[in-house]
Amino acid sequence: MSVLEQMKETLKEEIRRAVIDAGLVHEAEIPEVHLEIPREKAHGDLATNIAMQLTRIARRNPREIAAAIVEKLDQGKASIREVQIAGPGFINFFLDRSFLTKVILEIDQKKESYGKSETGRGEKVNLEFVSANPTGNLHLGHARGAAVGDALCNILTAAGYDVTREYYINDAGNQMRMMALSIEARYLEALGKECTFPEDGYRGQEMIQIAQEIVKEEGDRLVEMMDREERLSYFQQVGREKLLAKIRQDLERFRVTFDVWYSERSLYESGEIEEVIGELKEKGYTYEKDGALWLRTTAFGDDKDRVLIKKDGSYTYFTPDIAYHRNKLARGHQRLINIWGADHHGYIPRMKAALQALGYDADQLEVVVTQMVKLYQGGELVKMSKRTGKAVTMEELMDEVGVDATRYFFAMRSPDTHLDFDMDLAVSQSNENPVYYVQYAHARIASVFRQASEKGLAASLEPEKLAKLELEQEYDLLQKLAEFPSEVAQAAEQLAPHRVVRYLYDLATEFHSYYNAHRVITEDKELTQARLALLASVAQVVRNGLKLVGVQAPERM
RNA sequence: GCGCCUAUAGCUCAGGGGAUAGAGCGCUGGUCUCCGGAACCAGGUGCCCAGGUUCGAAUCCUGGUAGGCGCACCA
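Just so we're aligned, residue 1 is where the first sequence starts under this note's numbering, counting upward by one.
I should point out that these hints are in silico values taken from the structure, not numbers from a laboratory.
Hints are supplied without guarantee of correctness; some may be wrong.
Cβ pair distances, simulated, as ranges [to be verified]: (1) W261 x S453: 37 to 47 Å; (2) E36 x E400: 37 to 47 Å; (3) M384 x V223: 26 to 36 Å.
Each computed SDA-like pair below joins lysine to any residue, with the alpha-carbon atoms no more than 25 Å apart [what the hints assert, rightly or not]: (4) K525 x D108; (5) K304 x G278; (6) K124 x A330; (7) K8 x Q75; (8) K547 x Q494; (9) K110 x L527.
Yeah, the Cβ is synthetic: ideal placement off N, Cα and C, and Gly gets one too.
Put together the whole structure using the sequences plus the hints.
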């Protein structure tokens, strides 16, 4: 637990005790004590609304209640410098400044671990994201999913969850055949043979490229292959490998890696699909109609029942997916988190229904839906079309915008905002671009340290020296640094990576403001050493925070 | 028609029961003998509409309106 968290716990306990001592209400009636950081600095470092919450039970006006509580409070116990009653009945606490310099020691001690917490208590969480079909390259929307998913994994891990990062490979089903047909057409085309492109084929450039590679590697020997099915199976196999390799390569460049790449096909091979159908039948949630096997998902709030086995005997996409989710749970994950694009959100109720039919709790599956991304370039909306395969690929995005800016821009917004991605802004190396603003804070500090070491100066952690940090802005910075672990924990609880980005931006703002107003390296050696210690802490937290969202913290830029 | 997401400043977005609703961009003016000006400081307008719950609503509920996305024996 961080120093701030410890202090808050102590203070909460102290408030509870004071409420009881004041004889306001019975112990069992006390609601949970909330401590919040007030927006307004004049309202102290921490505030509680407990007096207002108690109005109904204690049947007195909140300011009176607050006064009674304050009277019983032992201020020394929780590093409190001053207590005020304000507004409708808030109790505002002002912290003892010396307490806050402790955060510098804590950061120095924990280094890259500062920000971690135990709120997740080691709970096993499976986070599945991207999971794009191996039928083409990754695009804009996948990039958002990758940025959000990876940041969430990092944040949940930091908050003490045991996270498995997983990619589900849809390598079975119709789309794989379509992929093979598309490559076949491109292959024949590359050899100058007559062919018609399949109507719903994949028209992306990558298909042409793969076909050309195959021509290079195999020549025209596949044309001679008498058995077309055999040929298609070859294209399917090779296409899968090549496309998957490219996906993996793009993701790695984007700094995203997975613990598990789970193949849909393996569920066919292991018999788990048959198994799960058997289980659903056994539990009585299936029925036959029109030659198909249905799952009664309406029993769990879905709009309509869903087909498991089509009348041609094949499975719908849904069926292996049920087996897959069951598999993830069977592997010991208490919690499943999926990152899905908005175009799949209609799928959520049936998946939750299926899990309930299997006897699981609907809440064990949480789906973070990332809304659509609109790309703007030169002030114009960049049009995309799935049908023609014309779309901005993740690779192009990385080439043009860069990984840092792309990841920052996606992580910066709440997943459920409909995002306007301004490429000109993301590319611009100017003050308009928020990525550089945060990175610049880090580079600037690194620069100060280079200057300092030339002069033989280094940070000092001696309490007498740290006590020289007496400016209001230094105090604010220290407090901001102290909040970092709970910010991360909150981002984890709310599955909201943008909170971390927000925090970093605010921290950078406070730092830049401070840096502009005060010199770090001065004639006063002890003060210089103390300020260097403060800056080292800021740099460490910026680094740790950027790491969570997958953005680099440069020493120079 | 039904479902999900969204609606906050000119634009892009935070805030999601509490005290005077914030930030960036853009606009205007200012800071620089000094550690990196990709910086800092100052200045303006705003919670889609109507009801309801509450001591208190931008926040929760209901009903509208507008936009996005879904509504397959496709994946």
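Consistency of the hints with the structure:
{"no.": "1", "hint": "W261 x S453: 37 to 47 Å", "in the structure": "holds (45 Å)"}
{"no.": "2", "hint": "E36 x E400: 37 to 47 Å", "in the structure": "holds (42 Å)"}
{"no.": "3", "hint": "M384 x V223: 26 to 36 Å", "in the structure": "holds (34 Å)"}
{"no.": "4", "hint": "K525 x D108", "in the structure": "holds (20 Å)"}
{"no.": "5", "hint": "K304 x G278", "in the structure": "holds (21 Å)"}
{"no.": "6", "hint": "K124 x A330", "in the structure": "holds (12 Å)"}
{"no.": "7", "hint": "K8 x Q75", "in the structure": "holds (13 Å)"}
{"no.": "8", "hint": "K547 x Q494", "in the structure": "holds (19 Å)"}
{"no.": "9", "hint": "K110 x L527", "in the structure": "holds (23 Å)"}
Hint check: no violations occur; every hint is consistent with the structure.
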